[in-house]
Amino acid sequence: MSLPARIATLLVAFAAVVAGAVFIVLHYLGSSLAVVNYSPEASAGVVNVVMQEDPQNTVSSEPDWVSYFIQDPNTKAWVHTTLFQVPSNTRVNMTILGYDGCTPLRNNFWSKVQGTIGGGMTVQQFKTVGKPLGQPRRYSVLNSWSNCTVGHTFAIPSLHVFVPMASPNTALFNSSACGTSPCTSGPHAVIKFSFMTPKTTGTFRWQCFVPCGGGFLDGNGGPMQTLGFMMGNMEVSA
Amino acid sequence: MAESQAPAAPGAPEKAGPNHGMRIFLIWIVLALVADLLIWFLWYPHLPPGRMTESARHQQFDIAVLGLAAAPVMLFVWTYFGYTLINWRHRDGDDDDGPPLFGHTGIQASWIAGTAVIVLAAFVFGTVELIVPDGAGAGEGPNPVWKPSGSNVLQVQVIGQQWQFTYRYPQFGGMETTQLLLPDNRPIAFHVTSLDVIHSFWAYQLGVKADANPGVDNVAYTTTRQLGGFTVRCSELCGIWHGAMFNSGQVVTPAAFQAWATTTEAVQRRQGVLAALPPYALAYDPTVVPQLGKVYAKLGITGAAGFYYPPSDPVTP
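Protein chains in written order, with the numbering used here: chain Y, 1 to 238; chain A, 1001 to 1317.
If the Cβ cut is set under 8 Å, some of the chain Y residues that face chain A in the computed set are:
no. : residue
1   : Arg106
2   : Asn107
3   : Phe109
4   : Lys112
5   : Asn143
6   : Trp145
7   : His160
8   : Arg205
9   : Phe209
10  : Pro211
11  : Asp218
12  : Asn220
13  : Gln225
Pairwise CB distance ranges (calculated):
no. : chain 1 : residue 1 : chain 2 : residue 2 : range
14  : Y       : Gly20     : A       : Val1124   : 53 to 63 Å
15  : Y       : Phe14     : A       : Thr1231   : 44 to 54 Å
16  : Y       : Phe14     : A       : His1046   : 47 to 57 Å
17  : Y       : Gly202    : A       : Ile1112   : 50 to 60 Å
18  : A       : Ala1259   : Y       : Val59     : 46 to 56 Å
Chain A residues, not near chain Y, derived (Cβ > 10 Å throughout):
no. : residue
19  : Gly1021
20  : Asp1097
21  : Gly1126
22  : Val1219
Since the hints were derived computationally from the structure, they do not count as laboratory data. Since the structure is predicted, the reported quantities are computational estimates derived from the model, not experimental observations. Glycine included, every Cβ here is placed at the ideal spot set by N, Cα and C.
Next up, chain A with everything else stripped away, as it sits in the complex (with noise of 0.2 Å):
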């Protein structure tokens, strides 16, 4: 391990060999500043998931930030490891061992100190992350503890069921379309549902992934900043055709999204769809569908015919 070097003479001054510690500690000090500067002025601005809504921006924040902790630790190693390959390696005719190693208290105390200021600050940090935006675009649950303020949040429904998203719109008559458009700097809450398995709806550069299940209303948040289109796929394994549930969605300005909405909602009303969809509710459970009992008494309907297969009809395989 130690450099080949010819015994000293008795009596003279030994030679002081070089600083490892400062030279590993100057080279690894400029290669995490550079690293450091490339993060955060090239990579963070190309960042997924972008800077579409207020979830997707905080997202890529903490993408960068968590990058600048991490490559100064990872540059550390490699800069060590290198520094070691290159001046400890084994040398022709060095059979002698290695120096004797011993504790060193303040070594061990910096080591101790250093990594829990790193997972305390990334506990704060997370938590203050996943306050500050409302959720951070993750689903909830039905009962959210973390809300945007003020009575200017746009509920949208998704209602998920094998294959495909819908989209419902409680305050424009409860309107239903199979296309998610959004105004610009608006508060929304996504409550997410499914009508049969679970699915999971991923806005992906909106920043808002929330799981769908049967039954249950799960609150995502998030505030739009930027116009254009994104896509939503299904995340959840849910049947055979789960590659192909995707569709795409737009953030158009306020006044768009405003002569959209109310024309389809008008169409929509006068057609008879919301005459045909059931009143809006946070969940849905599609097996009781209480307009068909009167009709289908009426129609002298019968066992499966005219109603929904139950869970074990007529066996389960």
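Just chain Y, with the same shape it has in the complex (with noise of 0.2 Å):
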């Protein structure tokens, strides 16, 4: 090989390699997820935080996984991701639309509903949207061993709070359940809890303890390990 197609050949591999790292970095960084602000809507101490958990998600490139959507305060259009920023010192109001059927959990213990305020939580299953079903009942503790009855689990274990997510009712999720993310109709269970936000800021992960990470190894793996599916942070503000 000749000088120049040696040199030639060096500079197209170099090159080849640049453009090979800059694409992925390019890749990486555009594809982050996005922070859903709550911060400027809280009044008086208090925010209205809306998200919901799905059967799978048709709005990403892992349809089969479960997932959380975040509630955009603003446009109200749901966002695939599980990121939110709330301010500090203040009471979260918290609204979950539970779409996903039941899974037992692997321990029992987060059946009992801790760290909210008043230690409770409210349970209102719909038909569908607009629909409800019976009335909102008060839990402490929503026995998922007991009933086909928990989907998931909304937790922040460093502010202590763990939350079972009621599942809609078991026979109607079986004939119509929802199958397009993020979920619009279909039957539901909305859960309320209130929990507060610490006077420092920080950030504080969030996390689901069902495994249901459906073709990982017990469930563990894929939506349980990822951002933006069971599992994220939140951010607290000054």
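Put the complex together from the two separate chains, hints included.
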């Protein structure tokens, strides 16, 4: 091979490596999750956060992964992320729409509602959006082993907040479960509870304690180990 | 190597050189004595993991003793090295060979005897320090060899799950908490297990560390000796939030512990938490929930919905 050819080959190979590195960096940065900012919505020390958990998510490259969504407080659109921001020393009124069916808790201790204001949560079942099923009920324990009642959990371990997420009516879920994410129809449970954010700022991870990663060893992989699905961060701002 | 000296005149008495061995010994003995005094009186009281439990105290003592033994050895190497650099370095104009070296039976025998004594002493010391504090706070497996005597042992089950430790107290109705509270001056038996992957229960200030394996009851003992707080960390890489798998605990007075435990048990009994928990066992198979069989059959649930995902459902990537 002649000298010019060798130099040209070297330059092409170098350029290919640089281009690959740039692509990886841009791809990584470009795929970072959005943070839904609830801090501007806080008023008189209270902020309302709305989320939903779905049996699938058809908006990502992993359509068979269960996933949480967070509602944008301004547009009311559902954002496929698990990062949200709330102010410090504020009462967070959580509303979570549970569209996914039941799975028993690996440790049934998580059936107990912990760390919420008043020590409980309220559950209202719906046949579909706008059509309630029975009356709202208050729970301090939602036993996932005595019936088909719990789909997932919402837990912020460092704040000692552990809340089981009620699943929809089983018969209705089996016949007409939501099949497109984010869910806008179908049987679901609306779970409401409140907790206080700490006085200090920081990042507080939250997670689901049901091993719900279907297709992975004991359900512990995939969405259980990936930000944007069944785990996330609560950013507490000043 | 040798100092540059003019050759002695024939018949003149040879000038005696300095006794290097004695010099090195004297320098070393002074340095070693100072170092060991500093280790014992200044360093030892502040060594980790502290003196919160019997196992922690023994670990602190062990580190101090090993420090006492290691410092003279290390200082001897440094002293010899420094002395050599200063006294036997190459000097300008000195092109002579060094003196010939011959074997020295006494030195060789002393070296072998000395190292043998050190190793055997470390073996005996380590064995005693493992037995006396009932396993030294380490996980002894499901059939521990060294156990605390007496019947006053508080049983605490440590359950690992991605990514949180919880604690069950079988002597208090099998209640479960996210907090680890312990009474002071009481032997504790930790029964460490896991519900999913391998974790490791590391209560640093307690001097307790035991792997949490699914389906295994790994027992570790300690006896509390001080009031105060401690941290619990997972020390086995267990997933994306392994680094966040930690919480804190407290050693409180026996009266405070009794009040807390009985109150918590009563609250959990009233709320139905105790009824929801499985009967206390030394290990759990979380994929078997007998209560659910009839319920799910009645509801007509089949397939993955309502059941645990098995290891290969639907495929193991």
